[in-house]
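Generate the whole structure from the sequences, applying the supplied hints.
Protein chains in written order, with the working numbering: chain A, 37 to 358; chain B, 150 to 294.
If you are wondering where the hints come from, they were derived from the structure by calculation, not from laboratory data.
Among the hints, a few may not be true.
[What the hints assert, rightly or not] When the alpha-carbon atoms are kept at most 35 Å apart in a straight line, the in silico DSBU-like pairs for lysine-lysine are as follows:
1) K103/A x K153/B
2) K220/A x K278/B
3) K238/B x K220/A
4) K286/B x K220/A
5) K106/A x K154/B
6) K106/A x K153/B
7) K220/A x K276/B
8) K238/B x K262/B
9) K202/B x K220/A
10) K263/B x K196/B
11) K103/A x K154/B
12) K180/B x K238/B
13) K180/B x K220/A
These are the residues of each chain, in order.
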Amino acid sequence: MLNQKKFIVSHAPFWHNGSGITERSYHTMLAALPALLMGFYQYGMPAVGVISLSVSAAMLWELAFNKAAKLPVTVGDGNAAVVGLVLAMLLPATAPWWIVIMGTFLAVVVGKNIFGGIGSNPFNPVAVAVAMMMLSWGGCFDFNQSLVNYELNFPSMVYPLTAVKNFGVSAADAFTVSDLIWGKQIGGIGAGFGLGLIVGGIYLMLRGFIRWEISLSFIAGIILTALLFNTSDPSRYGSPMLHLFSGYTLVAVFFLAPEDSSSPVNFIPMLLYGLTAGVMTVLIRNIGAYADGVIFAILVANLLNPLLDKIRPKTLGHIGKA
Amino acid sequence: MNPKKPLQLAYGMAVVLLLVGVLSYTAFSAKAPDEPVRLMFQCSTGKVLFDHKTHTAESGYGIACTDCHHHPENAEDRTSCRSCHDVPKDGSAPAACLNCHDAGDFEVESIVKKTDAIHQQCIGCHKEKGSGPEECKLCHVNYNF
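Printed below as a string of structure tokens:
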């Protein structure tokens, strides 16, 4: 028993396996690609413009902050590019240039860097930026309004969540689950194609870039809460599948909620964090003022993060005070 | 990996994407179609999403342009509702009216206000045809994202 080897560490020199923030950032962008390509296909060059400008502007804001604060340049880690990319996935293809510039500023500078940069932000930078923009320039996030000139081969050119919110579930009857999964719905450039987001999410989970506990408990939270509401009044509250495959849900599940510094690190806290975000999403959508409550649900879950991380595993051999 | 490489890659990406972004917004920006597909009317009682194409297309309701854009009847460019019915707050005549009429030819007070004009047009037609929403909240919606 005394000779049992528990932990073996060899002495220096060590070899770096190449894994780092840069690698992780580029793989996250790779995972977003299927959903983005569908957005480009559906909305054309304006969508390419929003994504390109957003990624570029986010990197330039990061560089500007680094220079202004006389800090080492951190653009190379790709985190700013990921922030810009995820932000643009939530925007409509017709987003004006100033919204993109303002949004990336809010995300990179206000959401991340003023708290100390990567790893120090208490809230997801993209969620902070989108929440501020929604409250300030809500019209830009009204997809019914932003995409009035688009005519695509979708069952309906009305945003499913606002249709349900205003006119009940029958207003979204035109959409089958298959339509929603295949992205036949208007919405953010990279938020509509459910299948693409799921493929990207599975890749990130398998590679260990995001924690499956958060994403899967988020989905479980949405399905369970939506099921309860839907069972209580099927004509008023959408089905779990509608909630899962519409709005920003899947982007939030795989790209917003699992962000490192704003999410917990232990097993039980991660499950509670994901569940909270999922439950809050459906609560805001069904009985709150907003058609898509995902962004605010993420911020609420972020707020709970330090509290949830108090639930820690017991230290081995630790003898507590009485 | 050389520590400078990721930074050089990031700078390269930022510059290329900036160029693509600026070009997309300028040279390849989406042009509004000649005939609107849908219109979003901003109202104090809630926005109204009007499906213009479904109302005008032969495969839809096939309504003639002049049924709504009734004045002047023979105009090639259809004037929007607001160009005549949106009377300036100072009580002056709308600019669109003065293109053809002299200021003294008509009374500004006789112009039907925009809200009344659109209400009469929409509700009147919906009642006449026995289809389409007639209740307020079926057109006017209030929501936040």
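Just to be careful, I want the Cα atoms of K103/A and K153/B compared with a cutoff of 35 Å; is the pair within it?
holds (17 Å)
Taking 35 Å as the top limit, are the C-alpha atoms of K238/B and K262/B close enough?
holds (11 Å)
Below or equal to 35 Å on CA atoms is what counts here, so check K180/B against K220/A.
holds (23 Å)
Pairwise hint evaluation, K220/A against K202/B, where the allowed Cα distance is 35 Å at most:
holds (20 Å)
Holds or violated: K286/B to K220/A, with C-alpha atoms at most 35 Å apart:
With a Cα-Cα distance of about 27 Å, the restraint between K286/B and K220/A holds, given a limit of 35 Å.
Holds or violated: K103/A and K154/B, Cα atoms, limit 35 Å.
The given pair, whose Cα atoms are some 19 Å apart, holds under the 35 Å limit.
Given hint K276/B paired with K220/A - CA-CA distance at most 35 Å:
Holds, because 33 Å separates the two Cα atoms, which is no more than 35 Å.
Under the criterion that the straight-line Cα-Cα distance not exceed 35 Å, is the pair K263/B, K196/B satisfied?
holds (15 Å)
Pairwise hint evaluation, K154/B against K106/A, where the allowed Cα distance is 35 Å at most:
Holds. K106/A to K154/B sits at ~21 Å (cutoff 35 Å).
Between the alpha carbons of K238/B and K220/A, is the straight-line distance 35 Å or under?
violated (44 Å)
Compare the distance between the alpha carbons of K106/A and K153/B with 35 Å, and conclude whether the hinted pair is satisfied.
Cα-Cα ~19 Å, so holds.
Just to be careful, I want the Cα atoms of K180/B and K238/B compared with a cutoff of 35 Å; is the pair within it?
holds (32 Å)
This entry does not satisfy hint 3, going by the numbered hints stated previously; all others are met.
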